[in-house]
Each structure stands twice: as structure tokens, then as C-alpha cells.
Amino acid sequence: MEIPYTVQARPDTGVYNAKVGMWLFLASEVMLFGGLFSSYILLRVSALEGTWPTGLLSVPLGTINTIILALSAITTLLAWVACKARMFDRFKLFQGLTILLAIIFLGIKSYEYRDKFTHYELVLKSGEIADGHLVRREANGDVVLHGHTVKEHAELMNGRKHVEHRELTIPKDQIVRMQNYGPWHNTFLATYFTMSGLHALHILGGIVVMGYLWGPGSRMWKTDPERFTNRVEVSGLFWHFVDLVWIFLFPTFYLI
Amino acid sequence: MSETQTDAFKAYARKCGAVFTAVVCGTLIMVAASYAPLTNHHLSIALVLTAAAVNAFLVAGYLMHLIGERKLIFAVLAFTVFFFIGLMGLSIWAAHDLPALGAPVAK
Amino acid sequence: MQATTYAPHHAHAHEAHHADQGFWRTYIFSTDHKVIGIQYGLTALCFLLFGFFLMLMMRWQIAHPGEAVPLVGPLLNALLGDVAAKGIMSPDLYNSFGAMHGTIMVFLAIVPLAVGAYGNYLVPLQIGANDMAFPKLNMMSYQVYFLGGIIMFVSFFIPGGAAQSGWTSYPPLSMAVPTDGQTFWLIGMVFLITSSLLGSVNILATIIQLRAPGLTWMRLPFFVWAQFTASFLLLLAFPPLEAAGVMQLMDKVAGTSFFLPTGLAVGGNLANVSGGGSPLLWQHLFWFLAHPEVYVLILPAMGIIAEIIANNTRKPLWGYRSLVYGALAIGFISFLVWAHHMYLTGMGTKIATFFQTTTMIISIPSVIILTCLLISLWGGSIRFNTPMLFALAFLPMFGIGGLTGLPLGFSVSDIHLHDTYYVIGHFHYVVAPGTIFALFAGIYFWFPKLTGRRMSEYWGKVHFWGSLLFMNLVFMPMFIQGMAGMLRRMSDGAVQYSELKLQGVSGALSSTVIGLNNFILWGAVGLALAQIPFIINLFWSIKHGEEVHSDNPWEATTLDWQTPTPPPHGNFLTPPSVYRGPYEYSVPGAARDFVPQNEPQKKA
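Residue numbers (the numbering used here), protein chains in the order written: chain A, 1 to 256; chain B, 1 to 107; chain C, 1 to 604.
Just so you know, these hints were derived from the structure itself, not from any lab.
Quick caveat: nothing in here was measured; it's all calculated off a predicted structure.
Careful: at least some of the hints might be erroneous.
Said to hold, decoys possible - Derived list of chain C stretches under chain A, where covered just means 3 residues or more per stretch with a C-beta under 8 Å from a C-beta of chain A: (1) 133-146; (2) 207-218; (3) 232-238; (4) 257-268; (5) 377-383.
C-beta atoms are modelled at their ideal positions from N, C-alpha and C, and glycine is treated no differently.
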């Protein structure tokens with residue numbers, strides 16, 4: 001039993017099944033991230049004055065990741081073009097490059113996550129707030145931070161303002177509350193971790209699918225090259241969408 | 001035959017290179033706009049988002065071949081975008097159209 | 001049609017086909033859309049029955065608060081422990097039964113039946129395709145649905161029990177309940193939503209791509225149009241709830257505050273949260289799905305009813321195009337009405353006016369569809385068989401459900417009626433004697449295609465009249481209770497607000513209103529008894545029902561009846577072509593009173 005239009009386009013719609021399916025799926029993905037972006041905007045515009053931090057994330061790392069993802073979008077497209085031109089070795093090369101770039105993206109992302117998880121905010125008995133990266137915890141419970149202290153919480157909201165960082169040793173009995181910059185820390189970080197985390201899951205999914213097509217799935221090249229080319233095209237569409245989401249995530253969390 | 005195919009591939013690769021360069025430029029403009037010493041914060045947000053929209057257009061239009069795509073797919077996306085705008089617009093409108101607290105009741 | 005002559009031969013080939021695939025590939029991990037449809041159907045019917053039992057126990061508690069549940073009380077105690085000590089339902093248990101009744105009925109029973117079962121089984125048959133566009137994806141979507149169902153079901157037995165915050169799971173309440181039931185609910189929902197998304201992509205791609213030659217859009221049976229619209233709603237409305245589900249899951253397990261406002265106090269103490277969240281955001285995202293979801297429940301039902309009415313009046317549907325455009329208009333507008341569920345949240349007058357207007361507008365296409373179906377009856381020589389009885393009852397029942405919704409669409413009247421039993425009565429009229437009647441009608445109608453046998457007409461009619469009577473005895477009194485001001489979700493049946501407790505207080509509920517609780521209880525018991533003939537009939541008829549001697553026993557026109565019985569893997573013996581519209585009944589000059597869609601036009 002053969003399902004029609006898996007390879008050739010249906011004449012009246014002009015597309016083959018998987019392409020329709022992928023675009024429908026992407027439409028639902030638009031609504032998924034649409035719901036998240038709507039939530040971000042609603043939470044941000046209704047945030048109380050001085051509670052929404054900006055410039056907290058590393059712009060150079062974000063920019064590099066944006067360019068890496070853009071490059072991988074190009075290589076995935078070239079992998080498909082190589083299939084169309086029946087150049088299998090070039091397909092292998094570009095598909096492999098795409099996967100490599102995706103892994104580098106995730107590597108940089110995890111470095112950024114680690115940076116946030118080691119970043120602490122300590123409310124002190126004096127009412128001051130110490131903020132910085134954890135250097136070490138002493139045996140007696142004292143905390144050593146590389147950072148600075150401020151009088152008001154609102155002073156921490158602009159991450160781009162340059163401040164002198166130095167090593168601070170904070171005695172255990174001075175600490176009222178100590179919390180790292182995880183999703184629980186504030187609503188900005190909650191949206192950042194949730195949305196970029198969901199995006200990272202999409203990257204992971206893309207790596208799995210593209211890895212399959214690069215590895216065991218490429219056997220189809222010998223039996224049905226046209227259908228295989230369609231698969232590469234459809235996975236490429238998904239990958240471009242993942243890039244598209246990042247194009248909006250980057251300014252949303254790093255720049256504005 | 002393989003000669004012409006290699007040529008076609010090269011031509012396509014050049015086109016991709018152009019799109020990539022444009023996307024990188026767009027990204028750099030975005031970053032620059034966010035650092036620009038503008039007094040109006042809303043203006044810088046608008047600039048950054050415009051650059052992002054241009055980048056998104058490049059990716060969707062050229063890399064995903066949306067330019068010249070079939071009517072069917074446009075129809076699906078048009079509805080999706082409409083409902084997305086509805087969701088975002090109406091929920092944000094609802095968040096702002098609140099009865100003022102403590103406002104005097106009609107005399 | 002011609003298929004008849006081939007049927008015995010092919011039935012044999014069919015068995016052989018099964019044998020070489022083995023039991024697991026044929027019935028459990030099948031990629032055949034018909035097997036998957038039946039899997040959806042049976043699983044969803046089990047959940048339907050389970051959700052109904054939850055409700056029966058709740059009705060007992062409402063009518064007899066603090067008294068041990070008869071018959072199953074000891075079982076509850078043994079299974080669930082202290083929350084049902086001595087067989088008495090605690091308020092916590094009542095809350096989780098309430099929340100899970102709604103969740104199970106909507107997400108695990110009716111939608112999987114209407115879209116999963118009917119859509120999967122019938123859409124490829126009606127459009128003349130040999131399977132769905134993506135058979136493996138189809139199998140996966142059923143499996144993901146099944147897993148989601150298991151997660152929901154298991155949550156009853158974890159410490160603290162299942163989710164307790166209503167099927168709507170409004171935060172901060174859902175966060176304030178300290179048990180893990182809500183976490184299970186959220187994870188289960190993510191599975192169910194994913195399954196629905198995969199399923200809807202599949203149905204849409206199938207309808208767009210796999211229509212038989214000649215089957216143009218305006219020749220599609222109305223059922224296919226209904227499935228098409230419903231799938232679009234699932235595709236675009238569910239993802240924001242998935243996003244919301246993920247955010248609430250983060251609130252629950254990662255300590256974020258998406259939906260928890262600054263200064264939130266739980267149990268008199270300031271909650272340890274970062275704050276800055278918005279409880280109303282959840283409500284927006286929830287109702288952005290949950291209102292279109294209502295149309296996901298009702299559109300396939302209308303599709304089923306349209307097929308059965310056309311077939312049993314032996315005349316074309318009146319206003320086919322109006323029906324199609326009506327369904328599409330409902331689908332479109334249903335995305336713009338959701339906040340009429342939120343008038344009580346302190347919404348401003350401008351935005352409330354917007355949503356009142358769209359809500360009134362969406363009633364227009366609904367009325368158009370109902371009117372078309374009603375006029376279709378005019379002048380027909382109607383066959384009053386069991387499916388037709390259910391279909392006919394659907395019309396007034398859905399009418400009551402729809403019209404009682406209008407006062408809820410206006411903020412002025414909604415402020416009085418919101419969260420009362422009036423609302424319960426309203427949407428149950430839409431879904432229970434509405435959608436569920438349509439689903440019953442469909443089961444009686446397509447049973448001969450699935451099995452080659454009919455269900456018993458006599459017991460079918462017993463089932464119908466019993467269900468019709470008791471449905472109304474259950475839901476009609478709720479309008480009275482609601483207008484009297486009786487609130488929903490109260491585990492003591494509102495006794496604390498009655499004259500029994502509040503003597504001389506103006507507005508206290510009268511003993512008549514409270515007494516209706518007992519009336520409804522016995523109505524519900526009657527409804528349960530009325531389902532017994534159906535369950536026995538369903539299983540008994542598979543082996544012992546009256547055999548049909550044709551592949552098209554109802555003499556229908558659509559392609560699903562032009563297949564062998566039951567349709568083999570691949571459905572059609574030869575790929576069908578379509579030459580005419582879907583409802584060519586009683587065409588003047590034709591040899592019979594129906595002309596199948598795949599019968600070529602005679603040369604002039």
C-alpha cells in the first residue's frame with residue numbers, strides 16, 4: 001500500500017505531504033512561542049518600576065551564538081541543495097557542519113547557564129545587598145564572592161552599568177538570604193530560562209533528526225533519493241524556524 | 001552534467017553567502033542600536049526589533065523559500081499570524097483596560 | 001455498489017493479512033488509521049465511563065454530604081486511604097474528583113472520541129484515501145495520548161491525590177495546594193496537548209493532500225469540513241496552553257512566579273516566591289484554548305449529525321454551503337471570544353464590550369448550522385432508526401445549550417450567573433445531550449461498517465429514551481439552582497448557604513433548591529442505568545448482531561460506505577474517483593433514491 005504524494009507534489013496544492021505537515025507543525029510552533037512571547041510582554045509591561053533587569057546577559061556570547069545559528073541555517077540549506085544536485089558527499093559535509101554548529105551553540109548556551117547559576121545575590125543584615133559570582137564557600141560557612149555591594153535592590157537592574165568588582169568575604173552571620181540567578185530569582189530570569197530552555201530543546205530535537213538523516217537515515221539515499229531529499233528539506237524548514245525563534249529571543253533577552 | 005550541477009550548487013552557495021552576510025550585518029546593527037546613546041529607551045527598542053524583523057524576513061523569505069511559496073502555505077501562515085496577534089494584542093489590551101482603583105463612583 | 005461482490009473474497013484476504021503481521025503489529029502498534037481510530041474510541045469510551053462514575057460519586061456527596069458513598073465507599077477507602085475514611089468523601093477528595101471529572105471528560109474522553117476516533121476512522125474513508133498522510137505519526141499520537149491518560153489516572157493514587165483546582169487549574173489556587181497532583185496534571189496535559197497537535201497536523205494534511213480525484217472542496221461531506229475546522233482549532237489554540245502548562249510546571253517545580261503576584265499570601269503567610277507574575281495571564285492562555293475547545297467538541301458532533309440526517313431523510317442537506325461557511329466562521333471567530341470567561345476578573349468596560357460583541361457574533365453561524373439541519377428535515381420521509389433518534393434529539397438539546405449560553409455572554413447577566421450551577425447546566429447541555437448524543441448516534445450508524453453487523457434497534461431505542469429522559473432530569477434543575485444563586489464546586493451541596501444554616505438571612509438558598517440535589521442524584525443514577533443496554537448491546541452485537549448483507553446497509557452516498565466491510569488495510573479495492581456532491585439523495589430520474597459519490601455521470 002502506497003500513500004500518494006510522499007515524493008511528488010500534488011498537482012492542485014503544489015506541495016508534497018511532508019511539506020504540508022511541516023508547515024502546519026510550524027504554524028503550531030508559532031503559536032507556542034507566540035504564547036510565550038505574549039506572556040513575556042504582558043509580564044514585562046505590568047512589572048513594577050525597578051524590578052525588571054536589563055543587560056544581565058553577555059551580549060558578545062549572544063551575538064556569537066546568533067551568528068553560529070545563522071551559519072548553521074545556511075549549511076543546512078546547502079545540504080539540501082547538495083541533495084538536489086545529487087552530490088551526496090557534499091550533503092554529508094554540510095549536514096555534518098550543521099550538526100557541529102548546533103552542538104557548539106548548545107555548548108555556549110550551557111556555559112551561559114552555568115554563569116547564571118554561579119551568580120549570587122546576598123541580602124545582608126545591614127540591609128545592603130552583595131552581588132557577584134561565587135568564588136568559594138569557606139569551611140566556617142563564610143561566602144567569598146567576586147562582585148560588589150549596593151544599597152538598593154534597584155541598583156542591580158542595569159547590568160550594563162560598569163561597576164568595580166572585587167573579592168568580598170561575607171561572614172556567615174551577616175547573611176539573611178542567599179539566592180543564585182536561577183529561574184526562581186526573578187520574572188526576567190524565569191522567562192529567560194523557560195523560553196531559551198524550550199528553544200534549546202528544539203535545538204536538541206533538531207540535532208537528533210539531522211543526525212539521523214546524516215547517519216543511519218542516509219541509507220535511503222540509495223533506494224529513494226528524491227524522498228530523502230524531501231526529508232532533508234523538511235528538517236531544514238524546522239531548523240530555519242528554530243533559527244527564526246532565536247532571532248527574536250536574542251534581542252528580547254540580551255539587548256532590550 | 002555534473003559540471004553544470006556543480007555550477008548550480010556554486011551559484012546557490014553564493015546566494016546563501018549574501019543572505020548570511022546580510023543576517024550578520026542585521027545582527028550587528030541590532031547590537032549597535034541597543035548600545036546607541038539614545039535618550040528615548042522606546043526608540044532603541046523599536047530600532048532593535050526592526051532589525052530583528054528584517055533578519056527574520058531574510059531567513060523566512062530566502063532560506064525557507066517563503067517568497068514564491070504556494071498559496072496554501074501562505075493561507076495557513078496568514079491565519080496563524082492573525083491569531084497570534086489576536087492573542088498578544090487582546091491579552092495586553094485586557095491587562096491595561098482596568099477600572100481605576102479608588103476612582104470616584106458616579107455622583 | 002460494486003464493492004459488495006468483492007467483499008467475501010476480500011474479507012478472506014484481510015484475515016490473511018492480519019495473520020502475517022502478528023497480533024502486536026495488527027492491534028497494538030498498528031499504523032492503520034482504522035485500528036488507531038478504534039484504539040482511540042475504546043480508550044476514550046473507558047475514560048468516558050470513568051469520568052461518569054466520578055460524577056456519580058460527587059452527586060451522592062452533593063445530595064448527602066458527609067454520608068458514606070453507598071456500594072463503592074469501602075473500595076474508595078481501601079484505594080485512596082484517609083481522604084475517603086469510612087467511605088465518606090472528604091472535601092479534598094471531592095475537589096480532585098471535580099477537577100478530574102472535567103479534565104477527563106474534555107481532554108481524555110470527548111475530544112479523543114470526536115477527533116481521535118471519528119476523525120481517524122472516517123476522514124480517510126470519506127475522502128477516498130487509503131490511509132492518513134503520516135501513518136507512523138498517527139500511531140505515535142495515540143500512544144502519547146494513552147501515556148497522558150495513564151499519568152492522569154495514576155495521579156489519583158499518589159500521596160495527596162489528584163489535582164484539586166478544577167479543570168481550569170487557576171493559579172494561585174493550583175499552586176497553593178501543596179500536593180503533587182497538580183504536577184501530574186500539568187505533565188499529563190503536556191502529553192495530551194502534544195498528542196492533539198500531532199493528530200491535528202495529520203488530519204489536516206490528509207484532507208489537504210489525499211482527497212480522491214474529483215473530490216473538490218465543495219464536494220467534501222460536511223463531516224470532513226467539521227473535522228477540518230476542528231483540527232485547525234486544535235492546531236492553533238492548543239500551543240498557547242502548552243506554553244502556559246510549561247510555565248505553570250516551572251512555577252510548581254522550579255520556583256518561578258509566572259502566575260504568582262508580588263505579595264501573595266498563602267494560609268495567612270507571605271509566600272516564598274519572587275513574585276511579579278500575573279494570575280490573569282494563565283486565564284488568558286487557558287481560555288484561548290478552552291473556548292475554541294468547545295467548538296472542537298461540537299463541530300465534529302454537528303458533522304456526524306449532518307451525515308445521519310441527510311441519510312435518514314433521504315434528501316440532500318439544506319444549505320450545504322451555508323453549513324460549510326458557518327463551520328469555518330465559527331472556527332475563525334472562536335479565537336476572538338475567549339475572555340467572556342473572565343468578566344468577573346475586574347475587566348475594563350472597553351475590552352468587555354469587545355468580547356461581548358464577538359460572543360454575540362459567534363452565535364450567528366451556530367444558529368445558521370442548527371437551522372440548516374432543522375430545515376433539512378422538512379419534507380423528508382424520515383426513517384426513525386436509533387441513530388436518527390439521537391440525531392433528532394441533538395437538535396433541541398444543543399439548542400437549549402446554545403441559547404442558555406447567551407446570558408453568559410453578556411457581562412451584566414454573567415456577573416450574577418458566573419460560577420453558578422446555571423453555567424454547569426449550560427455547558428453540559430451542549431456537551432452531554434449535545435455532543436455525546438451525536439457520538440452515540442455515530443456509533444449506531446457506523447457500527448455495521450466496522451463489524452458487518454447491526455446493533456440491536458430495540459435496545460438502542462431503550463438506550464435513547466432512557467438517556468434523553470434522564471439527561472434532562474439531571475441538567476434542567478441546574479438552571480433553577482444556578483439562577484437561585486447556588487455556586488458550583490461546593491462539596492456540601494451548598495448547605496452552608498441554605499435556609500437550614502442561615503435562618504432569616506435574605507438570599508439564602510431555599511430548601512426546594514437544595515432538595516433538587518437529591519432529584520438530580522436519582523436522575524444521574526437513572527442515566528447510569530440507561531447506559532447498561534448500550535454497553536451490552538455494543539459488545540454483544542460484535543458477534544451476535546444482525547448481519548448486514550450489503551456494504552452499504554443504510555444506502556448512503558459518501559465514500560466511506562463504498563468500501564468492503566470491514567474496510568481492509570488500504571480501504572478501497574480500487575482507488576475511487578468522485579463525480580458528484582456528497583448528498584445526492586432522491587435525485588429525480590435516478591434509478592435508486594441515492595447516488596454514490598463515485599458513480600460516474602451518465603452520458604447525456
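Unmet hints by their number, sorted upward, for this structure: Result: hint 5 breaks, nothing else.
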